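Each protein sequence line maps, in turn, to chains A and B. If you read the first sequence in the numbering used here, its first letter stands for residue 1, the second for the next number, and so on. If you read the second sequence in the numbering used here, its first letter stands for residue 1, the second for the next number, and so on.
Worth flagging that the hints you see were computed from the coordinates, not collected in a lab. Computed from a predicted structure; not experimentally measured. By construction, the Cβ of each residue, glycine as well, lies at the ideal position given by its N, Cα and C atoms. Just to be clear, a hint being listed does not mean it is correct.
To be verified - Label-pair ranges, simulated between beta-carbon atoms:
1. Val115/A <-> Glu86/B: 33 to 41 Å
2. Glu86/B <-> Glu37/A: 35 to 43 Å
3. Val115/A <-> Pro18/B: 26 to 34 Å
4. His61/B <-> Ala136/A: 52 to 60 Å
5. Pro41/B <-> Leu164/A: 51 to 59 Å
6. Ile66/B <-> Val115/A: 31 to 39 Å
7. Ala136/A <-> Gly159/B: 58 to 66 Å
8. Ser28/A <-> Ile66/B: 38 to 46 Å
9. Ser112/A <-> Arg111/B: 13 to 21 Å
10. Ser228/B <-> Leu164/A: 43 to 51 Å
11. Val123/A <-> Gly12/B: 32 to 40 Å
12. Pro59/B <-> Lys111/A: 50 to 58 Å
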Amino acid sequence: MKRIICDIEKCLGCKACQIACAVEHSVSKDLVQAIEEVPRPGYRVMVEYVEQMPIPMQCRHCDDAPCVRVCPTHCLTKEGDEGIVLADRDKCIGCLWCVLVCPFGAVRMRKSDRVVLKCDLCVDRQSQGLQPACVAACPTHALQFKPVDDVAKDKRLSAARELLASTVKPTASGG
Amino acid sequence: MGETMVTTKINGRETRVPIDTTALEAARSIGVEIPTLCYHPALVPYGACRLCLVEVKRPGHGGGRIVTSCTFHIREEGLEIDTHSERAQRDRKLVVELLLARCPNVELLQRLGKDLGIDKPRFTAQKQDENCILCGLCVRVCEELIGQSAISFTGRGPGREVSTPFLEPSEACIGCGACAFVCPTHAIEVQDLLQLRKLDKWGTSLQQRPCVRCGKFFAPEVELEKLSDRLELVKNWLQLCPECRREVAATDWIVGLRASPASPVRRG
Chain A
1 MKRIICDIEK CLGCKACQIA CAVEHSVSKD LVQAIEEVPR PGYRVMVEYV
51 EQMPIPMQCR HCDDAPCVRV CPTHCLTKEG DEGIVLADRD KCIGCLWCVL
101 VCPFGAVRMR KSDRVVLKCD LCVDRQSQGL QPACVAACPT HALQFKPVDD
151 VAKDKRLSAA RELLASTVKP TASGG
Chain B
1 MGETMVTTKI NGRETRVPID TTALEAARSI GVEIPTLCYH PALVPYGACR
51 LCLVEVKRPG HGGGRIVTSC TFHIREEGLE IDTHSERAQR DRKLVVELLL
101 ARCPNVELLQ RLGKDLGIDK PRFTAQKQDE NCILCGLCVR VCEELIGQSA
151 ISFTGRGPGR EVSTPFLEPS EACIGCGACA FVCPTHAIEV QDLLQLRKLD
201 KWGTSLQQRP CVRCGKFFAP EVELEKLSDR LELVKNWLQL CPECRREVAA
251 TDWIVGLRAS PASPVRRG
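Construct the complete structure from the given sequences, taking the supplied hints into account.
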């Protein structure tokens with residue numbers, strides 16, 4: 001199960017992810033043409049600032065996703081081994097309940113045509129063997145697309161390294 | 001999979017679809033476009049607008065039959081469906097002319113009429129400002145999906161219209177705006193006027209909840225109450241507007257990082 005993981009210490013707040021996301025979800029998939037499109041292509045990743053620190057926020061594809069539970073049309077579905085929460089725009093009735101209940105505020109509504117915008121982990125790109133657009137566009141590799149198991153493993157490794165560093169130092173200075 | 005498939009011929013092209021598929025879905029699945037006004041994939045087919053007429057022939061049984069493709073389920077082998085036969089097109093044209101006689105100034109109908117080659121409808125319009133075509137999408141969305149049944153058809157014949165019970169503001173309306181979203185002719189309007197959400201067509205005027213963080217009025221109280229009950233949420237979950245919830249989630253992330261001793265956080 002792969003997810004977009006953010007190493008927020010590396011985020012510059014350049015919003016390249018937002019642009020790449022909007023372009024990927026446009027009709028033309030070209031930046032210059034996408035700007036002219038009606039309705040304007042919307043981004044699904046939002047860079048928020050907390051105490052001047054930029055943090056990209058997108059759908060977490062929750063296990064027990066409130067948006068999926070609340071959707072009256074089953075337009076939002078969570079399927080497959082990857083457990084990606086996907087929206088079927090044809091079935092949407094614009095009640096915006098998904099927007100209202102999302103605990104991360106990661107589901108957005110495009111005002112002009114009340115279309116619900118949410119991260120789809122770029123399933124189209126994934127099927128071509130590519131990484132999600134935001135991950136590919138991130139210049140500092142703050143956004144990464146990796147298996148969830150690896151995230152825990154990486155954390156474990158870095159914690160182990162810390163532990164080693166803290167235990168080795170005193171002996172080194174003592175001896 | 002265990003699904004039974006049937007072969008059917010759509011506009012001369014053979015295709016295999018699961019049994020019970022509607023003719024409309026079968027046609028759309030192979031890229032044949034049939035105009036519709038009252039069809040919505042999330043709703044039970046209703047057959048109100050009569051625009052999706054097609055001609056169905058059973059080989060060896062003579063002439064075809066005109067049916068509404070959205071409510072016609074393919075349940076036998078070898079049916080021949082002609083979506084744009086002369087008869088189907090003629091009947092469709094008549095339907096659009098009748099709809100135009102009811103709602104002459106609806107852009108969508110005018111465009112449909114133009115596509116079907118109607119220069120001037122044969123029937124004169126009674127009312128110029130009517131824009132409801134009685135497709136029933138709003139009624140069905142409210143009943144089937146939202147589960148409120150705030151509106152329904154009232155009256156018969158020429159007096160038929162969509163309204164709230166006794167034309168009074170409905171207590172069941174939660175102001176979600178799904179009816180306005182699905183309406184093909186934009187006959188329903190949702191307005192957010194500061195603390196009020198208004199749907200003038202239904203006489204609805206609902207108090208909106210202000211976000212406890214930014215103070216913005218973001219959704220009607222009754223709608224949020226319904227959502228909390230439906231999801232069995234803790235009461236304060238829906239006190240924040242979606243934008244503030246995003247910011248709070250981001251803040252929690254930072255706070256969590258600062259609290260964990262293992263990760264050095266950039267000092268801001």
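Against the structure, the hints:
1. Val115/A <-> Glu86/B: 33 to 41 Å: holds (38 Å)
2. Glu86/B <-> Glu37/A: 35 to 43 Å: holds (39 Å)
3. Val115/A <-> Pro18/B: 26 to 34 Å: Since Val115/A and Pro18/B have Cβ atoms about 29 Å apart, the given range 26 to 34 Å holds.
4. His61/B <-> Ala136/A: 52 to 60 Å: holds (58 Å)
5. Pro41/B <-> Leu164/A: 51 to 59 Å: holds (57 Å)
6. Ile66/B <-> Val115/A: 31 to 39 Å: holds (35 Å)
7. Ala136/A <-> Gly159/B: 58 to 66 Å: Hint holds: Cβ distance 60 Å, inside 58 to 66 Å.
8. Ser28/A <-> Ile66/B: 38 to 46 Å: holds (41 Å)
9. Ser112/A <-> Arg111/B: 13 to 21 Å: holds (20 Å)
10. Ser228/B <-> Leu164/A: 43 to 51 Å: 48 Å Cβ-Cβ, so the 43 to 51 Å window holds.
11. Val123/A <-> Gly12/B: 32 to 40 Å: holds (34 Å)
12. Pro59/B <-> Lys111/A: 50 to 58 Å: Given range 50 to 58 Å: holds, Cβ gap about 52 Å.
No hint from the list above goes unmet by this structure.
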